[in-house]
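So the protein lines, in turn, are chains Y and H.
Using the numbering used here, the first residue of the first sequence is number 1, and each one after it goes up by one.
Using the numbering used here, the first residue of the second sequence is number 109, and each one after it goes up by one.
One or more hints might be untrue.
Anything over 10 Å on all C-beta distances counts as not near chain Y; from chain H, calculated [to be verified]: (1) Pro116; (2) Glu119; (3) Ser135; (4) Tyr156; (5) Asn159; (6) Met168; (7) Pro169; (8) Ser174; (9) Ser181; (10) Lys186; (11) Glu208; (12) Arg218; (13) Val221; (14) Leu222.
When the alpha-carbon atoms are kept at most 25 Å apart in a straight line, the in silico BS3-like pairs for lysine-lysine are as follows [said to hold, decoys possible]: (15) H:Lys186 to Y:Lys42; (16) H:Lys176 to Y:Lys2; (17) Y:Lys95 to H:Lys132; (18) H:Lys176 to Y:Lys95; (19) Y:Lys45 to H:Lys132; (20) H:Lys186 to H:Lys132; (21) Y:Lys79 to H:Lys186.
For the record, the hints were derived by calculation from the structure and aren't laboratory data.
Even for Gly, the Cβ is constructed at its ideal location relative to N, Cα and C.
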Amino acid sequence: RKEVEQDPGPFNVPEGATVAFNCTYSNSASQSFFWYRQDCRKEPKLLMSVYSSGNEDGRFTAQLNRASQYISLLIRDSKLSDSATYLCVVYNDYKLSFGAGTTVTVRA
Amino acid sequence: DAGVIQSPRHEVTEMGQEVTLRCKPISGHNSLFWYRQTMMRGLELLIYFNNNVPIDDSGMPEDRFSAKMPNASFSTLKIQPSEPRDSAVYFCASSPRGRENIQYFGAGTRLSVL
Numbered sequence: 001r002k003e004v005e006q007d008p009g010p011f012n013v014p015e016g017a018t019v020a021f022n023c024t025y026s027n028s029a030s031q032s033f034f035w036y037r038q039d040c041r042k043e044p045k046l047l048m049s050v051y052s053s054g055n056e057d058g059r060f061t062a063q064l065n066r067a068s069q070y071i072s073l074l075i076r077d078s079k080l081s082d083s084a085t086y087l088c089v090v091y092n093d094y095k096l097s098f099g100a101g102t103t104v105t106v107r108a
Numbered sequence: 109d110a111g112v113i114q115s116p117r118h119e120v121t122e123m124g125q126e127v128t129l130r131c132k133p134i135s136g137h138n139s140l141f142w143y144r145q146t147m148m149r150g151l152e153l154l155i156y157f158n159n160n161v162p163i164d165d166s167g168m169p170e171d172r173f174s175a176k177m178p179n180a181s182f183s184t185l186k187i188q189p190s191e192p193r194d195s196a197v198y199f200c201a202s203s204p205r206g207r208e209n210i211q212y213f214g215a216g217t218r219l220s221v222l
């Protein structure tokens with residue numbers, strides 16, 4: 001079983017729409033959680049950390065459910081520039097484990 | 109500030125040749141990671157260095173792969189001999205002391221082995 005499982009999508013949404021997706025992780029001892037963003041043929045970049053209480057960063061809202069081992073990301077008022085692959089990432093000791101990514105395409 | 113610097117950005121080589129990928133971490137960072145990304149397997153950790161010492165190389169695929177970190181500002185990943193299945197994007201990342209959960213990635217080296 002993969003350590004982090006994600007719905008690969010793709011999610012194809014119009015500008016201004018809300019899009020949400022999630023991932024699950026297998027190691028209940030995982031210490032911290034993140035969403036990374038990866039643009040086509042570029043390196044992954046940290047989008048935001050994810051906390052159990054839920055947290056927002058502008059139009060982005062992340063949520064963690066430790067009991068269900070489930071992480072979500074919601075993007076409100078989608079922009080063309082949000083088109084990317086979103087990687088769910090789980091940290092344990094020194095190791096980041098990456099999901100395969102969810103592809104989001106925002107169309108005009 | 110300069111980020112993680114990798115070279116070359118692209119490498120095309122023939123099967124059997126030696127390939128050396130290079131990485132300069134962010135100054136002051138004491139942890140360095142090498143990853144490989146493929147469509148089939150996603151992003152995988154190959155090796156982790158802390159204070160220039162290899163801590164975990166369990167992700168290195170086989171003996172054809174080796175990595176070194178001779179000093180705090182330079183690391184290499186070598187494949188000898190290279191095979192077509194080694195074709196992938198190789199990323200280097202670094203993190204500051206005590207913050208291994210916050211990793212900064214280089215732009216990657218896109219390797220094609222023909």
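**Structure versus earlier hints - violations, ascending order** = 4, 11, 12, 16, 21
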